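Residue-level listing of the chains:
Protein chains: 2
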Amino acid sequence: MLESVKASIGDHLLLKLKGGLEIRGTLMPRYGYADDRHITIKLGNGYNIGILVSRIEGVTVEKRGTFEPSKPSEASFKSGGEVLILGTGGTIASRIDYRTGAVTSVLTPSELYSSVPELGDIAKLDTEVLFNILSENMTPSRWDEMAKRVGRAVKDGYRGIVIAHGTDTMHYTSAALSFALENLPVPVVLVGAQRSSDRPSSDAATNLLGAVTVAAMADFSGVYIAMHKGLSDDVIAVHSGVKVRKNHTSRRDAFQSVNSRPAALVHLKGLRIIKNLELPPRRDGHQDFSVKSNFDERAFLVKYFPGMSGEIIDHLVEIGYRAIILEGTGLGHVGKPLHESIGSAIDKGVFIGMTSQCLWGRVRMTVYDTGRDLLRMGVIPLEDILPEVAVVKAMWLLGQGATFEDMVKLMPMNMRGEVSGRSLISYEHGRT
Amino acid sequence: MLESVKASIGDHLLLKLKGGLEIRGTLMPRYGYADDRHITIKLGNGYNIGILVSRIEGVTVEKRGTFEPSKPSEASFKSGGEVLILGTGGTIASRIDYRTGAVTSVLTPSELYSSVPELGDIAKLDTEVLFNILSENMTPSRWDEMAKRVGRAVKDGYRGIVIAHGTDTMHYTSAALSFALENLPVPVVLVGAQRSSDRPSSDAATNLLGAVTVAAMADFSGVYIAMHKGLSDDVIAVHSGVKVRKNHTSRRDAFQSVNSRPAALVHLKGLRIIKNLELPPRRDGHQDFSVKSNFDERAFLVKYFPGMSGEIIDHLVEIGYRAIILEGTGLGHVGKPLHESIGSAIDKGVFIGMTSQCLWGRVRMTVYDTGRDLLRMGVIPLEDILPEVAVVKAMWLLGQGATFEDMVKLMPMNMRGEVSGRSLISYEHGRT
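Protein chains in written order, with this note's numbering: chain A, 1 to 432; chain B, 1 to 432.
Just chain A, with the same shape it has in the complex (with noise of 0.2 Å):
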């Protein structure tokens, strides 16, 4: 049908579909993921549809013209040095599949760099594919290896790097890279998006910016996660990376700082940090950086619920793994049940730590009787980390080789700004 009207990419359509509704746009080019039985064309409000091709009725090229795909900035670069993106995949990253409706991780770095010009000048950028994942099916492993290519990046003098990242498990991975990257001379800057980069509603772009911002002329180092800060455009949060949890399912302020505030704003209107709210580490204020990449996949996080039996704990601990994170209620608590398989996994040597489901506040298990049977037992009250902060840094001290002491005496301690209101320790190498 298109060909009967010889329409091409760029023209401007009337389309008459089944039912009456008439559509007009632009034909644009179909990419890798789309089929032959849709075409994709691109609204007056700059919105990419698919459209059935069985639906359409009718075709009528309004005006001809042409579509010619952005290409990576080469503007002028005014300041901040050189910056590195590193693109792991995500909703950043992606673009609607009109066969299916689903959004698939397709664009490179360098592709994100040229729908968003204004990047050029902010830093010199370079780009780097590391992985291209939806970020649910991001492991342990992953995190290695992203931890070894910044440390590589860092070495090489870049200013600041930006990884692109699922929003899914994003703070996960901002957690173990704050284990991982120890003395960290420079910001390390995780960023995603809640849309997708080919809708007229997508955050990437603006939190780019941010991150990219952070990554260039932020005054402190450290990894943090940039997103929107609240539901308008022009403020991102930057949250540090062992303080920040995922708080809504699709919300382009779904990142909050819990226990905790944003370690900076960034204002887009002028590019600028306009407040540092806590007092991060400051940038080249570290000596001896290093990367202490290895996890252990050992250690399991347990939410409690009434009914629980501690049939679980058992085994887990029969399975071979060497530390428990329990997410208890409220202070710090589990049913009676449990205790007495809880009493025997710490016999055997298994590290079992207490968080809360509360999320917010702080455990703390001197209160009520069960809390107290539980300390007795040798579970470790583990301040206010968040349940999630709390496995990851239990994997990557396990990984580390930390021993059961070990265990039992980092595990709560402030290493990263893991705990609210604590002193940071200093870690000794070859200490774990």
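Hints are computed from structural coordinates only; laboratory data are not their basis. Nothing here was measured: the structure is a model prediction, and the numbers come from that model. Check before you lean on any hint, since a few could be wrong.
Copies of the same chain look alike in the list, so a pair counts if it works inside one copy or between any two.
Subject to a maximum C-alpha distance of 30 Å in a straight line, what follows is the list of computed DSBU-like cross-link-like pairs (lysine-lysine) [what the hints assert, rightly or not]:
id: 1; residue 1: Lys409; residue 2: Lys124
id: 2; residue 1: Lys336; residue 2: Lys148
id: 3; residue 1: Lys336; residue 2: Lys292
id: 4; residue 1: Lys155; residue 2: Lys292
id: 5; residue 1: Lys269; residue 2: Lys16
id: 6; residue 1: Lys124; residue 2: Lys269
id: 7; residue 1: Lys292; residue 2: Lys42
Starting from the known structure of chain A, fit chain B onto it as the hints suggest.
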């Protein structure tokens, strides 16, 4: 020493402690849990403190007095009619045990009543101890017992029922009662305290006032949790029992409606319900009240994290679990390594439902390949049902004899308000 000055209960004393500190207050009777190394003094501000006898250097009786424990008020019952307060334990019914410093459950509902005589202005109260446990030890079989007791009270004609409950698992219990009490014609209000009743900062009295107000006077029915809305003392939020979560370990406003607003607010000044924010079912609007209180514990809640293997799913199936609620990432995902185990569980007739560890927002599994793969396998997306509510609902449906097909149909449906923005389905008797 007390004998030497003939001090007796109710006397106003001046105590001189080692180190020069002087304390003025009223000598209080010794509670059951106190030991003979301490005395209890009520300070001018109403706060009771325990003082180690060995710290006391001198005692002067400044004024003789008497102590009369307060009795349940026989004040005029202006309104509301009869409300039953059931005690189950928890901080709201607790005192500091000065022997161990821990908080122990000791207060009966009638003691609670006597400590808040204003309750008598709201309604004629009956009180009864049902359990005396810390709520982390709440179990599905106790939900059953509680539902049956509430059922009898409803049939006995109480205008409303208040359940004093520990806060740790209060939201699991409120969900359980919401499902078990079908076509409930009156309000059932769970209430707790974040600070024990003998502390000056206790929220016990104000929360109880709010709960009794709703039970006696509200024009709506259903199961609710009544707790402080904020840090001030004058507004109690009344949360739907299936849309509420404890989101802080210690704050008085720990409970929050998630993906929903509170059903009502009680302004304590004037003891009035001032606003129905949502539209809860009307009091006495239901026919056919029935108690369906059986819960089957073969439902398990699994929180996903990167690095989790499918082994745990296999094991739960092997030991006989019939429903697994996944707390996935983002819109409802888990990593690829779990997919095989999930598929195999479903093939064996185990129900697998998906919720989100984001907690806020709705599961939507059609957006990404991972979600679509899981849907194809037969994983059921559970809308915006909280993970905690989903596992309780699964236990309840299984307890009602639900088959796999019933679970697939009913778990994502809105049976008690647990799904936002969807019509309530009428539950056919004997359907499951």
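Hint check:
Taking the closest pair of Cα atoms, lysine 409 and lysine 124 never come within 30 Å of each other, the shortest separation being 43 Å inside a single copy and 55 Å across copies. Taking the shortest Cα distances, lysine 336 and lysine 148 sit within 30 Å of each other only across copies (24 Å), while inside one copy they are farther apart (43 Å). For the homomeric pair lysine 336 and lysine 292, the shortest alpha-carbon distance between copies (26 Å) is at most 30 Å, but the shortest distance inside one copy (38 Å) is not. In this homomeric assembly, lysine 155 and lysine 292 come within 30 Å of each other (Cα to Cα) only inside a single copy, at 14 Å, whereas the closest approach across copies is 65 Å.
In this assembly of identical chains, the alpha carbons of lysine 269 and lysine 16 never lie at most 30 Å apart, being 40 Å within a copy and 63 Å across copies at closest. When the C-alpha separation of lysine 124 and lysine 269 is checked against a cutoff of 30 Å, the pair qualifies only within one copy, where the shortest distance is 20 Å, while the shortest distance between copies is 62 Å. Neither within a single protomer nor between protomers do lysine 292 and lysine 42 lie at most 30 Å apart by alpha-carbon distance, with minima of 46 Å and 54 Å respectively.
Checked against the numbered hints listed earlier, the structure breaks hints 1, 5, 7; every other hint is satisfied.
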